[in-house]
Amino acid sequence: MSITKGPVLRDGTPLSDLVDLEMREVKLRTLSDQEIYEIEQEKVFGKVWLLLGHDTEIPNPGDFVQRHMGDDSVIVARSRDGKVHVSLNVCPHRGMKVTTHESGNTQVHTCIYHGWAFKPNGEFLGSPVAEQCMHGSLRGKDELGLKQARVALYGGLIWATWNHDGPSFEEFLGDSKWYYDMLYTRTNKGLEVAGPPQRFIVRGNWKTAGEQSAADGFHTLTLHRWLGEVGNYKADSGKTQGSELTEEMYGAEVSSPHGHALRCINLARKIKKLTGKDASDLSVEEKLRALPPPGMTPDMVEQLAENLSPEQMQVMSWMPPQVGGMFPNVIFEFLYIPQSDGTVVGSLALHTYVPKGPDKLEFTNWIFVEKDTPPRLREQMIQQSVRLLGTSGMVEADDSDTWPHMTLASKGLQASKQSMKYQAIYETGAPEGWPGPGIINEGFTKDDPQWHWWKYWYELMMADD
Amino acid sequence: MTETTKPEAHMGNSVGIGSEIYNKVLQHYYTEALLLDNLRLQEWGASLATDLKYTVPVRQTRTVQDIEASYIRSVQHMDDDYASIMGRIMRLSGKSAWSENPPSRTRRFVSNVQVFETDKPDEYASINYLLLTRNRFDDDFFDLIPSQRNDLLRAVEGGFQLVRREVLIDQAVLGTPNLSIFL
Numbered sequence: 000m001s002i003t004k005g006p007v008l009r010d011g012t013p014l015s016d017l018v019d020l021e022m023r024e025v026k027l028r029t030l031s032d033q034e035i036y037e038i039e040q041e042k043v044f045g046k047v048w049l050l051l052g053h054d055t056e057i058p059n060p061g062d063f064v065q066r067h068m069g070d071d072s073v074i075v076a077r078s079r080d081g082k083v084h085v086s087l088n089v090c091p092h093r094g095m096k097v098t099t100h101e102s103g104n105t106q107v108h109t110c111i112y113h114g115w116a117f118k119p120n121g122e123f124l125g126s127p128v129a130e131q132c133m134h135g136s137l138r139g140k141d142e143l144g145l146k147q148a149r150v151a152l153y154g155g156l157i158w159a160t161w162n163h164d165g166p167s168f169e170e171f172l173g174d175s176k177w178y179y180d181m182l183y184t185r186t187n188k189g190l191e192v193a194g195p196p197q198r199f200i201v202r203g204n205w206k207t208a209g210e211q212s213a214a215d216g217f218h219t220l221t222l223h224r225w226l227g228e229v230g231n232y233k234a235d236s237g238k239t240q241g242s243e244l245t246e247e248m249y250g251a252e253v254s255s256p257h258g259h260a261l262r263c264i265n266l267a268r269k270i271k272k273l274t275g276k277d278a279s280d281l282s283v284e285e286k287l288r289a290l291p292p293p294g295m296t297p298d299m300v301e302q303l304a305e306n307l308s309p310e311q312m313q314v315m316s317w318m319p320p321q322v323g324g325m326f327p328n329v330i331f332e333f334l335y336i337p338q339s340d341g342t343v344v345g346s347l348a349l350h351t352y353v354p355k356g357p358d359k360l361e362f363t364n365w366i367f368v369e370k371d372t373p374p375r376l377r378e379q380m381i382q383q384s385v386r387l388l389g390t391s392g393m394v395e396a397d398d399s400d401t402w403p404h405m406t407l408a409s410k411g412l413q414a415s416k417q418s419m420k421y422q423a424i425y426e427t428g429a430p431e432g433w434p435g436p437g438i439i440n441e442g443f444t445k446d447d448p449q450w451h452w453w454k455y456w457y458e459l460m461m462a463d464d
Numbered sequence: 000m001t002e003t004t005k006p007e008a009h010m011g012n013s014v015g016i017g018s019e020i021y022n023k024v025l026q027h028y029y030t031e032a033l034l035l036d037n038l039r040l041q042e043w044g045a046s047l048a049t050d051l052k053y054t055v056p057v058r059q060t061r062t063v064q065d066i067e068a069s070y071i072r073s074v075q076h077m078d079d080d081y082a083s084i085m086g087r088i089m090r091l092s093g094k095s096a097w098s099e100n101p102p103s104r105t106r107r108f109v110s111n112v113q114v115f116e117t118d119k120p121d122e123y124a125s126i127n128y129l130l131l132t133r134n135r136f137d138d139d140f141f142d143l144i145p146s147q148r149n150d151l152l153r154a155v156e157g158g159f160q161l162v163r164r165e166v167l168i169d170q171a172v173l174g175t176p177n178l179s180i181f182l
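Residue numbers (numbering that gives the first Met the number 0), protein chains in the order written: chain A, 0 to 464; chain B, 0 to 182.
One or more hints might be untrue.
Taking lysine-lysine and the DSSO-like style, the derived pairs with C-alpha atoms no more than 27 Å apart in a straight line are [claimed, not checked]:
(1) B:Lys94 to A:Lys233
(2) A:Lys355 to A:Lys146
(3) A:Lys454 to A:Lys420
(4) A:Lys82 to A:Lys46
(5) A:Lys233 to B:Lys52
(6) A:Lys410 to A:Lys454
So these bits of chain B aren't anywhere near chain A, every CB distance computed over 12 Å [said to hold, decoys possible]:
(7) Gln26
(8) Pro101
(9) Asp118
(10) Leu151
Hint data in this document are derived by calculation from the structure and do not stem from the laboratory. Ideal Cβ placement from N, Cα and C applies to all residues, glycine included.
Input sequences plus hints: build the corresponding full structure.
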């Protein structure tokens, strides 16, 4: 009798048959199999850190929003002492949903079914007609609070995990944190949400979106080619269509053994357009002032030195992270969008792709600004983000067909045995003088970061409890 | 006491159903729906005022006491002006707008049209209902997008131009994967 490592699906297929580590291929069956989805709820969504929102969504004590960790609804609330808590939104009594609305403010979350009441930190206050002791005496009140997730705040971003004994959030990010700091912890006051997130359903498996975020560069040229034909990257006359967009493919890509990914895109051409000078003739400070990070103004640039190292600032002025993912289901977009008048306006967005069964995901889109972004720029950034990304996004709407097609295709028996391929492999390594940590490769975008995403998914799925 | 026949009295004088103006507004809406359902986007674009503001708020599930907070306008699903709508039309008319190529098959059912005078003699406000059905590829189901539209129309030679549209969709989590189509 052979001992197969890792899960074995009901039809006898070992999960290990679905991932070919040598050829860098993953079988399409992973995109629609119900059993794989169930295993993911335990081994991925039950184990890693998940992004739930931003603390500027719940600024005051008692503020709360309702979010999801995998298939579980959670209440993300700020208690009186200012701490953020994440509680399973399921009543310990009979399983009713405790908080039925998406957002609000309350010091007591009361279940409408039998009136059990909970504090924002999940503690059980009691049930009505206290002397009748509805909760009985077999379990103490301390056992009857809302199940708590472990919480970490990073740049105001609220992360949570059910894995209380697992790696810390910093360990989860690993070397990638050095790069994410340039996005989320770059200024003194930090980021804030422009409002609540957009939410809509795409009928695709969450991994079709998750793996693309981590970080598919190539598809920009073809799926998003309208950008180069009639959109913001339309070539000036005399140049070939699409050439401006092709330039966005060059930079350095960060891969991570934990599946995080960042596409650091070269700013030299944009800087040349704005200043008339070569990037090599300008200091780090001059470049950052000429083309500040998205959402920042030139006079905010001096804050970078207070929050980041000179090496991080060097990278921000040269090839800043602009798009990429955070494992398992997050995309970040910190974009420098060319305007018709030659200027650049930033757009900052984060999405999570929340699994809703193997066939569906909820696309949750938060738009960000800096707390100090001046009002006019703030308005421009929000409008631009709504027009390019998210629900009516002219860029992202084109993604919303590919994910369902892949998911539907994977239900065909022949197709389910076909594979997704990650065979565009870097041979370059880090650019000369690159000061940052991690697995770095320079040049035209390739598949390495996405392959690392799948390798970590595989590692988690194959792990023992 | 609210007059049950005039619940929207706060909007201004009602333009009576069946009146000449009302009929012209209704015709405008039917023509608009026909143009959009038949992908005649440039012609629809010609019916838009250059000072157009076109928004689709986000909805949230809130308590009944807090119903106004269920309409989110800080971040919206659509936030457009004349120039950006024209940009959308240009994109959709090109060869690479994949989200609408092949195009959705849509049907716009406009109903419950009410028209009101405003303080400008050539401008009319309208509250109307839109039910949009959407189908793509081999789907054996339809995405339904029911909404209330709060419009401002300006009478011009030959008809009306859309000056303002706010579309209040009846979902917090949209069941359709994008709004690449016009409401």
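Violated hints - listed by number, lowest first = Of the numbered hints given earlier, the structure breaks just one, which is hint 8.
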